Structures are given as structure tokens and as C-alpha cells.
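Visitor: Here the protein sequences come in this chain order: S and U. Note that this note's numbering numbers the first sequence so that position 70 is 70, with each residue one more than the last. Note that this note's numbering numbers the second sequence so that position 3 is 3, with each residue one more than the last.
Since the hints were made in silico from the structure, they are not lab data. Keep in mind the model is a prediction, meaning the values are calculated, not measured. Hints may be right or wrong, so weigh each one.
[Said to hold, decoys possible] Quick look at which bits of chain U chain S covers, simulated, 3 or more residues with Cβ under 8 Å:
#, stretch
1, 39–51
2, 102–110
[Stated by the list, open to error] Pairs of lysine to any residue residues, derived as SDA-like cross-links and limited to a Cα-Cα distance of at most 25 Å, are as follows:
#, chain 1, residue 1, chain 2, residue 2
3, U, Lys42, S, Asp38
4, U, Lys98, S, Thr71
5, U, Lys98, S, Thr55
6, S, Lys57, U, Gly32
7, U, Lys57, S, Thr99
8, S, Lys57, S, Glu98
9, S, Lys11, U, Glu45
10, S, Lys57, U, Phe46
11, U, Lys59, S, Glu97
Yeah, the Cβ is synthetic: ideal placement off N, Cα and C, and Gly gets one too.
The lines below spell out each chain.
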Amino acid sequence: DAGITQSPRHKVTETGTPVTLRCHQTENHRYMYWYRQDPGHGLRLIHYSYGVKDTDKGEVSDGYSVSRSKTEDFLLTLESATSSQTSVYFCAIRGTEETQYFGPGTRLLVL
Amino acid sequence: EDQVTQSPEALRLQEGESSSLNCSYTVSGLRGLFWYRQDPGKGPEFLFTLYSAGEEKEKERLKATLTKKESFLHITAPKPEDSATYLCAVQAGAAGNKLTFGGGTRVLVKP
Chain S
1 DAGITQSPRH KVTETGTPVT LRCHQTENHR YMYWYRQDPG HGLRLIHYSY GVKDTDKGEV
61 SDGYSVSRSK TEDFLLTLES ATSSQTSVYF CAIRGTEETQ YFGPGTRLLV L
Chain U
1 EDQVTQSPEA LRLQEGESSS LNCSYTVSGL RGLFWYRQDP GKGPEFLFTL YSAGEEKEKE
61 RLKATLTKKE SFLHITAPKP EDSATYLCAV QAGAAGNKLT FGGGTRVLVK P
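The task is simple: from the sequences and hints, build the whole structure.
Guide: Here it is, written out as C-alpha cells:
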């Protein structure tokens, strides 16, 4: 357990609405990541952060934005949710020896 | 572009029947190869990191090995509790410690 919590754990929303997912860590890790996991695609990186207010894009960043105003919190926002963003979202932190440790995930359904 | 391919996609084993999972990769400048275990409805759980060809690591009934083109995860005398999806990921370059994941191998061990 790397001290990572995600909220909400489950969410159902409608197409076109904004959605924000939260990742919270308790161990002061510098690097944090957002992934999505879909059948047939595996885990894919959306965005990552290497410090407060320092973020960069991953391979599937279109339609997503992130913010990190405090070390412990990394927020993922779907600006206008679409059905293609129905997925399971995982947050991760980078621990020792560059190993990433994952949170429990958020299941998002966009109707 | 970094690529990771895992085979087989699914594996059904009898309890005690040893087997191996394969992770083939193409990456420019491997920094590390990671194995994770994922149970249904949960986040990936870190198992091993391998850094160079010839390296081996063991944990209980699991042993991971690495060559220049692939990694194997050997499961010796598996038990039903070893049933899970096993994920392989590679890290290349220095930018952000990004991981590229394979699609995973679903392992079912029947008593």
C-alpha cells in the first residue's frame, strides 16, 4: 500500500458534463501519474506530474486536463465527458527505484 | 515507438502445473522492465523490476527473467490464489519515468 486513495471510486455521468477525479497520496512523492485501462488497450498514460504545477502529456491526453496545486493531490478533469472516456482510471506514484505504485482505481461510466 | 507484447492472452492451469508467461518488447534504451499482478477490480500490484539482460528475481512461486528482447515470468507449482492478470511494462529514456504496458496475461489456476 503506497498511501494512494482515489475518489470517487465509481461515477456515472452524462455526455457533455465535466468530471473531476482526485488522487491523493500521503507520502510526499514528487511524481504522480494518471492512466486509463480499457480492454484490448491495456494501461495507457494520460498525463503525469513531476512537481507542484509541473505537468506533461502522455499518449492519450486529448480531452483531459490535470492540475497539481499541492504535492499530495493530482486532479484529472474530463472537460466534456464523452462515451469513449468510459474506462477505469488509475493514479500512480513513483516510489523507490523508479517503481510506480498504483491506486485502487475509479470506474467511470459516461452515458 | 516502444512496444510491449504479452503472450498468451489467457492461461488455464491445474494447481501444481508450472508454466511461463512471455513479455516481448522493443524499446530504445531500456531502463527497466516491470512485472505487476492485477486482481479483478483492483489496481496493479508491483512484483519485480529487472534492469539488465541475465537478471533474475524471485518471490514465492514467481520467478522473473530478462533477456535483450523478452522477459519471462515463471510460475512454479501454482496455487488457486495465483489466479490474476499479470502485466508487463517497460521504461525507456528519462522523461518522466513513463511506462509502456503490454495487454496482460490472464491466469486461472484450478484446484
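Visitor: If a hint holds in the structure, say so; if it doesn't, say that too.
Guide: Hint-by-hint comparison with the structure:
Interface restraint, the stretch 39–51 of chain U with chain S: holds (7 residues with C-beta to C-beta distance below 8 Å; minimum three). Coverage of the stretch 102–110 of chain U by chain S holds in this model, with 3 residues showing a Cβ closer than 8 Å to a Cβ of that chain against a need of three. Distance restraint check for lysine 42/U and aspartate 38/S: the Cα-Cα separation of roughly 14 Å lies within the 25 Å cut-off, and the hinted pair is therefore satisfied. At most 25 Å may separate the alpha-carbon atoms for a hinted pair to count; lysine 98/U and threonine 71/S meet this at roughly 19 Å.
In summary, the hint linking lysine 98/U to threonine 55/S is supported, as the alpha carbons are separated by about 13 Å, within the 25 Å threshold. For the hint linking lysine 57/S to glycine 32/U, the alpha-carbon distance of about 21 Å falls within 25 Å, and the restraint holds. For the hint pairing lysine 57/U with threonine 99/S, the CA-to-CA distance comes to about 15 Å; that is within 25 Å, so the pair holds. Simply put, lysine 57/S and glutamate 98/S have alpha-carbon atoms about 19 Å apart, close enough for the 25 Å limit, and the pair holds.
The hinted pair formed by lysine 11/S and glutamate 45/U meets the criterion: a straight-line CA distance of about 23 Å does not exceed 25 Å. Proposed proximity of lysine 57/S and phenylalanine 46/U is supported: the alpha carbons are some 24 Å apart, at most 25 Å. At roughly 18 Å between alpha-carbon atoms, lysine 59/U and glutamate 97/S fall within 25 Å of each other, so this suggested pair holds.
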